[in-house]
Amino acid sequence: MNNIILRAEKINKHFMAEGIFGAARYKVNALVDASVEVKKGEILALVGESGSGKTTLARIISGLEKQDSGAVLLDRKIPDYKNPDERRKVQYVFQDTYYSLNPRMKIKAVLAEPLKVHFGLKKEKLNEKINKMLQSVGLGADAMEKYPHELSGGQRQRVGIARALSVNPELLIADEPVSSLDVSVQAQILKLLSDLNETTKISIIFITHDLRVVKSLADTVAVMNRGEIVEYGVVEEVYANPRSEYTKTLLGAVKG
Amino acid sequence: MNKMMKAGLAVVILIVIAAVFAPVIAPQDYRKQDVSNRLMPPSKAHVMGTDELGRDVFSRLVRGTRVSITVGVLAVLISAVIGVLLGIIAGYFGGVIDNIIMRGVDIFLTVPTLFLILMLIVFLGPSVFNIVIIIGLTSWTDIARIVRAEVLYIKKLPYAEAAAVLGFKKRRIMFGHILPNAFAPVLVYITFGVSGAILAESGLSFLGLGVQPPEPSWGNILTSGKDYIDTAWWLVLYPGLSIFAAVFSFNLLGEGLRDYLNPKLDREG
Amino acid sequence: MDIINVSNLYVKYAARKKYNMAVNGVSLDIKEGESAAIAGESGCGKSTLASALLKLLPENAQVSGNVMLDGIDVFAAGEEQLRKIRGNTAGMIFQDPGASLNPLFSVKQQIEEAITAHFGKTEKEELKRKSLELLSDAGITDAQRVYNSYPHQLSGGLQQRVMAAIALSCGPKILIADEPTTALDVTVQAQIVELLKKLKEEHKLTLLLITHDLHLANALASRIIVMYAGKIAEDGAVKSAKTALHPYTAALFKIIPSLDSPKRHFEVIPGEVASAEHNGNFCAFSPRCPYADDRCRSEKPELKEVKPGHFVRCFYPGGKK
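Chains as they are written, first to last, in numbering that gives the first Met the number 0: chain A, 0 to 255; chain B, 0 to 268; chain C, 0 to 320.
In short, the hints are calculated from the structure, not lab data. Don't take each hint at face value.
[Said to hold, decoys possible] Okay, derived cross-link-like pairs now, DSSO-like style, lysine-lysine, Cα gap no bigger than 30 Å in a straight line:
no. : chain 1 : residue 1 : chain 2 : residue 2
1   : C       : LYS196    : A       : LYS190
2   : A       : LYS105    : B       : LYS5
3   : C       : LYS238    : C       : LYS129
4   : A       : LYS254    : A       : LYS190
5   : C       : LYS197    : A       : LYS131
6   : A       : LYS65     : A       : LYS88
7   : B       : LYS5      : C       : LYS262
8   : C       : LYS230    : C       : LYS16
9   : A       : LYS247    : C       : LYS16
10  : C       : LYS16     : A       : LYS190
11  : C       : LYS129    : C       : LYS196
12  : C       : LYS16     : B       : LYS2
13  : B       : LYS2      : C       : LYS197
14  : A       : LYS105    : A       : LYS124
15  : A       : LYS122    : B       : LYS169
16  : C       : LYS123    : A       : LYS200
17  : C       : LYS17     : A       : LYS107
18  : B       : LYS168    : A       : LYS145
19  : A       : LYS254    : C       : LYS253
20  : B       : LYS168    : A       : LYS107
21  : B       : LYS169    : A       : LYS115
22  : C       : LYS230    : C       : LYS30
23  : A       : LYS65     : B       : LYS169
24  : B       : LYS2      : A       : LYS121
25  : A       : LYS81     : B       : LYS168
26  : A       : LYS247    : C       : LYS197
27  : A       : LYS254    : C       : LYS197
28  : B       : LYS169    : A       : LYS76
29  : A       : LYS200    : C       : LYS196
30  : C       : LYS16     : C       : LYS54
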């Protein structure tokens, strides 16, 4: 029963916005008492418009940013992200496919690095594993010798996903992973994430502004607006019976 | 590569060849005096004429290339190492460390560099070694600022953040992921820096604070020539042209590199 | 009467040592008062086509073919005539309203500049009256405040409304909207769609929408022109996957999840978007097409009128064999 992998409890975060010439500094609440949890094998969608705080929450969960208050619990304890073995448990897939891969590294090197650092893999074993990883995200072995700019956006995103999965994470955070891709490629990547979730039971936090995608992909959804979670629950229930006005507006905008 | 850059590169290569193979290229010993043939205009025997002691000007210029290039390259390398290290540390760690380093840079920038160099030379004594060290130690601030700005930008890019999330060590992220991508502007600056250092060395030697005679440098040949400017134009023209050509071609190369390495152009191309 | 007439348009961009084809032979007529959408994925040539209509192509573009806008030959037009075309004949709004407005000038300055540029010197009072009218026409309720604001003080939706007001300031016959909602939040998108509909009716505009989103195209246009690999793949009154005759169009409709798509089921077009470079003797979509056979792989389909006003570049329109 207690198969909760991640719990974020009452996370608060503010930024200082600066007026022109540093004048009129004012506080912007990026997150107000945001709490979510993710069970093993579950896909949680964080939905909201720009400035809703969805990315900030994900970045805090992944350790890329620090919260002002509140706690992130991984496997029921506060993770020590300086410890490589705990660090690898939460991985991140980025929206910008061009800059998500080091432009000066071949794909082979991109995928080899985490395997060397975490598992000390070498030579044949390393190559074998890289091949397997490429296969699991639907890429051929010919991608190995290419540089990121020689791949399409969709292919780069597949590499980004493979890299994140290479260290056997328990939670994958996908931050608008398809927003910068062509529509026909978006569907491919969504299917890939859905398939990976089904076969490996990896938990996913999926960030998006598209309620249609949420409906077909996610199990639970947290609707965010101005740093607050205004609605949170099982996708089907929220869609059938939205309680907050904001959710209703969002759903209204994509109906038809 | 554009045409200007190719031209610049060609001249730079010529200059480097001249510097490396100076003894082979120079037709005569640059030290050999021949007082009976002093201040001879260019002729077949002396293509660039002779100086006030009857030494072959062409041979002395070729020898001087060595000094100029050595000083230019070594001084810039020193400043690049210091600048890159301080820049990446300031940019990556930020906060107090950044503040200390960058305020150091600010203080450095309030001191007129030429004045500082002159003072140090007077204090330490003029020699090629001292010039290299002094120019190197006084010209790293720009590189540090360039690198810091690049690092501030790159460390926020997804691939640098991905490296952090993957649990890579700070050193690996800084030198394996950030630095290689911050290097293009450094390379451009290094190229400009070489021409700046060559100019600085020539200026110092011209003032008598650089390379000391009888060892020739473009600057000090110019100094001795200035006394004969109305009778022996070749003593001033050729070293002047050499300095001009070297500085100009390094600048062309730098300009070209800036376009060539521009990732934006690359992305669209 | 045709207000836009494109014939045999080819556009390629000079890159290092080569050319990149963007539009690979497009002919197209749009009638006055029509609302059409040019749809397709990145690299299909839709944005280049839109820019070519107003001769807004970058310097490295090489063009052949012909574009007539309201009877004016765009490529032969001089600077003075082009200025007239851009504004009096056709107004344009872009994807990123924040980047299209100049951040250093107030809305007042930008909209009044547009008006004087086309109508010449105008009385101060008259300028203000016109500007406020244009702004409220674009659905801005507090026109007075927006009029005195700078672009950064406005939300994305308001910025796009200001862009629309400026685009319409010279009373154009055509409005070209290049991905007008892509950069905006979902709730704002719906409002801009409503605005464009309203403006089209009130000003009797010919609307040309450029988009990658077929649902948006459907909401605004009665005619959809789908481009693939620099060419037109289908052109007609397509409303859904069922009424689409080209397998690519049908697939584009299907792959966008809707609120009632089945859980965990994703329709997918395999492979990658073909480049406009394509010039081989086969159908550019055949490598990704579920219906492709030997004929598709060895012969190049032409754009054919299958039903009145419905053109398709496919040997098996509707996917039937």
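For each hint, the structure was consulted:
For the given pair, LYS196 of chain C sits about 35 Å from LYS190 of chain A by alpha-carbon distance, which is inconsistent with the 30 Å threshold. With a C-alpha separation of about 29 Å, the suggested pairing of LYS105 of chain A with LYS5 of chain B holds against the 30 Å cut-off. Our distance criterion of 30 Å between C-alpha atoms is broken by LYS238 of chain C and LYS129 of chain C, whose separation comes to about 38 Å. For the hint pairing LYS254 of chain A with LYS190 of chain A, the CA-to-CA distance comes to about 22 Å; that is within 30 Å, so the pair holds.
Between the alpha carbons of LYS197 of chain C and LYS131 of chain A the distance comes to roughly 54 Å, so the proposed pair goes past 30 Å and is violated. Distance hint between LYS65 of chain A and LYS88 of chain A is fulfilled; the C-alpha atoms sit about 18 Å from each other, no more than 30 Å. Only pairs whose Cα atoms come within 30 Å are accepted, and LYS5 of chain B paired with LYS262 of chain C is rejected, the gap being roughly 60 Å. For the suggested pair LYS230 of chain C and LYS16 of chain C, the alpha carbons sit about 24 Å apart, so the restraint of at most 30 Å is met.
With a C-alpha separation of about 54 Å, the suggested pairing of LYS247 of chain A with LYS16 of chain C is violated against the 30 Å cut-off. A threshold of 30 Å between alpha carbons decides the hint, and for LYS16 of chain C with LYS190 of chain A the separation of about 38 Å lies outside it, so the pair is violated. For a cut-off of 30 Å, the pair hint linking LYS129 of chain C to LYS196 of chain C stands: about 22 Å separates their Cα positions. Restraint check for LYS16 of chain C and LYS2 of chain B: satisfied, since their Cα atoms lie roughly 14 Å apart, inside the 30 Å limit.
Straight-line distance between C-alpha atoms of LYS2 of chain B and LYS197 of chain C comes to about 55 Å, which puts the hinted pair past the 30 Å bound. Under the criterion of a C-alpha separation no larger than 30 Å, the hint pairing LYS105 of chain A with LYS124 of chain A is consistent with the structure, at around 18 Å. A hinted pair counts as satisfied when its Cα atoms are at most 30 Å apart, and LYS122 of chain A with LYS169 of chain B qualifies at roughly 25 Å. Proposed proximity of LYS123 of chain C and LYS200 of chain A is contradicted: the alpha carbons are some 68 Å apart, above 30 Å.
Distance restraint check for LYS17 of chain C and LYS107 of chain A: the Cα-Cα separation of roughly 29 Å lies within the 30 Å cut-off, and the hinted pair is therefore satisfied. Note on LYS168 of chain B and LYS145 of chain A: the hinted pairing holds, with a Cα-Cα distance of about 25 Å set against a maximum of 30 Å. The hinted pair formed by LYS254 of chain A and LYS253 of chain C meets the criterion: a straight-line CA distance of about 16 Å does not exceed 30 Å. Restraint check: the Cα-Cα separation between LYS168 of chain B and LYS107 of chain A comes to about 20 Å, which is no more than 30 Å; the hinted pair holds.
With a C-alpha separation of about 16 Å, the suggested pairing of LYS169 of chain B with LYS115 of chain A holds against the 30 Å cut-off. Between the alpha carbons of LYS230 of chain C and LYS30 of chain C the distance comes to roughly 20 Å, so the proposed pair stays at or under 30 Å and holds. Distance check on the hinted pair: LYS65 of chain A and LYS169 of chain B sit about 18 Å apart at the alpha-carbon level, within 30 Å; holds. A distance of roughly 46 Å separates the Cα atoms of LYS2 of chain B and LYS121 of chain A; the hinted pair therefore is violated under the 30 Å criterion.
Restraint check for LYS81 of chain A and LYS168 of chain B: the C-alpha separation of about 9 Å stays at or below 30 Å, so the hint holds. For the suggested pair LYS247 of chain A and LYS197 of chain C, the alpha carbons sit about 24 Å apart, so the restraint of at most 30 Å is met. Only pairs whose Cα atoms come within 30 Å are accepted, and LYS254 of chain A paired with LYS197 of chain C is accepted, the gap being roughly 20 Å. Proximity of LYS169 of chain B to LYS76 of chain A is assessed by CA-CA distance (about 25 Å); at most 30 Å being required, the pair is judged to hold.
For the proposed pair LYS200 of chain A and LYS196 of chain C, the alpha carbon gap of about 46 Å is over 30 Å, so the pair is violated. A hinted pair counts as satisfied when its Cα atoms are at most 30 Å apart, and LYS16 of chain C with LYS54 of chain C qualifies at roughly 24 Å.
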